[in-house]
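Please model the complete structure; the sequences and the hints are all you need to start from.
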Amino acid sequence: MPPDQLSPATITPYPDGPYLVRGDFAVTDQEGNQLPVERRTIALCRCGKSRMRPFCDGTHKLIGFKAPSGQEPWPGA
Amino acid sequence: MAGRLIELPPPRGPLSEQLFEALEGPPHTRLACPGLIEPGDPLADDDLQLALYVAYELHYSSIAGVDEGWEWSPSLLSFRGALERPFEEALAELVQPAEATELESVGAALQAIVAEDPGPPLSRYMETQGTKEQMLEHVVHRSAYQLKEADPHSWAIPRLGAAPKAALLEVQFDEYGGGNAERMHSALFAKTMARLGLDPTYGRYLDRWPGITLATVNLITNFGLHRRRRGALVGHLAGFEMTSSIPNRRYGNALRRLGYGREVTHFYDEHVEADAVHENIAAWDLAGGLAAEEPEVAADILFGARALLQVEAHWARHLMGAWERGETSLRSPLVPVAA
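Which chain is which? The protein sequence lines are R and U, in order. Using the numbering used here, the letters of the first sequence map in sequence onto residues 1 to 77. Using the numbering used here, the letters of the second sequence map in sequence onto residues 1 to 339.
It is worth saying that the hints were derived from the structure and are not from the lab. Accuracy of the hints is not assured; some may be wrong.
[Unchecked claim] Selected chain U positions facing chain R (in silico; Cβ < 10 Å):
hint : residue
1    : A108
2    : F173
3    : R249
4    : D275
5    : N280
Think of the CB as a built atom: it goes at the ideal place given N, C-alpha and C, for glycine as much as any other residue.
See below:
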């Protein structure tokens with residue numbers, strides 16, 4: 001269940017899609033400058049092909065990106 | 001902004017004529033049920049879709065000269081039911097039934113359904129070749145829904161259990177601007193219209209919307225007003241969000257190519273980012289959550305998504321077909337054709 005804004009941040013990978021981030025979080029570059037975030041829940045790119053990284057723009061659907069929501073099994077496991 | 005108030009447009013045939021005539025009188029007037037309605041293509045039938053649109057609009061808006069008591073008048077509801085029947089039958093014919101394997105994971109099934117969008121490449125066309133006139137027409141068509149964006153899906157709120165309801169509200173809160181009226185998506189669209197020189201008044205272009213454009217809105221309203229279609233309503237929202245971010249980036253690119261700035265493209269740019277969030281919540285937490293709570297509506301969730309894609313495809317074919325013939329896609333052109 002998504003936490004409210006005062007709860008600690010959670011990061012949830014969605015099936016074949018981005019990471020959704022909820023709760024109390026900030027997105028910064030490596031110098032610590034905050035990136036503008038204008039909504040309670042954001043989607044971070046997981047496929048690497050977004051044209052507005054680090055945020056998701058839906059491109060994963062065009063490239064057939066596949067990944068489960070949970071942790072992937074170790075190769076050969 | 002004042003409350004919504006639309007004007008009755010001129011009727012487009014016997015159904016809208018009969019309805020509009022009755023609406024000018026008091027609500028208790030006996031509104032005789034129309035006989036068998038058999039239009040060639042119910043989805044694009046101007047008369048049927050306009051009559052249905054106005055019957056539905058009583059739930060969204062005031063109508064000049066029409067008593068608001070009509071909204072729940074039994075004779076109006078029975079007349080509306082007669083209009084809904086051919087519309088619903090046409091949808092059922094167009095939409096393939098869900099397969100048993102799809103119901104095992106509604107989220108995954110929705111992903112597969114939107115990946116096979118049956119429509120023509122309208123957004124790609126607009127991005128690369130669409131003219132300014134075509135873009136303006138596109139915006140006028142879309143204003144039929146965008147000026148009340150999110151409203152019909154809110155009818156699902158009281159009908160869902162806690163988990164899917166919370167997911168729906170997570171999406172809707174963002175649609176409504178996160179509590180900021182100016183950032184509400186319908187308000188962003190109105191701003192885009194105004195900057196394009198179009199009139200953002202709710203219902204202003206009703207007379208120009210062809211039957212198939214009215215059908216895109218009647219579809220959501222039909223799902224929204226009938227509790228039994230809560231699955232379809234949720235599937236419609238999921239399908240809508242899942243087919244939004246990429247086309248909206250292309251529409252934004254089309255406007256940039258035509259020389260417009262950020263104040264015009266903001267609505268589209270916002271939807272790229274917002275719907276990249278919403279589509280995941282809608283497919284997995286909302287639709288998947290509803291299917292887990294009420295497995296008996298799972299098939300209707302997929303119906304709602306497929307119906308959306310089919311009606312949108314029909315609409316997109318109408319636009320591109322009219323433009324290929326060098327005609328307006330509206331019922332009358334926005335700008336006089338140069339002699």
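How the hints compare with the structure:
At its closest, the beta carbon of A108 (chain U) sits 7 Å from a beta carbon of chain R; the interface hint therefore holds under the 10 Å criterion. Here the hint on F173 (chain U) is kept, as its CB sits about 7 Å from the closest CB of chain R, short of 10 Å. About 6 Å separates the beta-carbon of R249 (chain U) from the nearest beta-carbon of chain R, less than 10 Å, and the hint is met. Residue-level restraint check for D275 (chain U) holds (minimum Cβ-Cβ distance to chain R is 7 Å; threshold 10 Å).
For the restraint placing N280 (chain U) at the interface with chain R, the shortest Cβ-Cβ distance is roughly 4 Å, inside the 10 Å limit, so the hint holds.
In terms of the numbered hints stated before, the structure departs from none.
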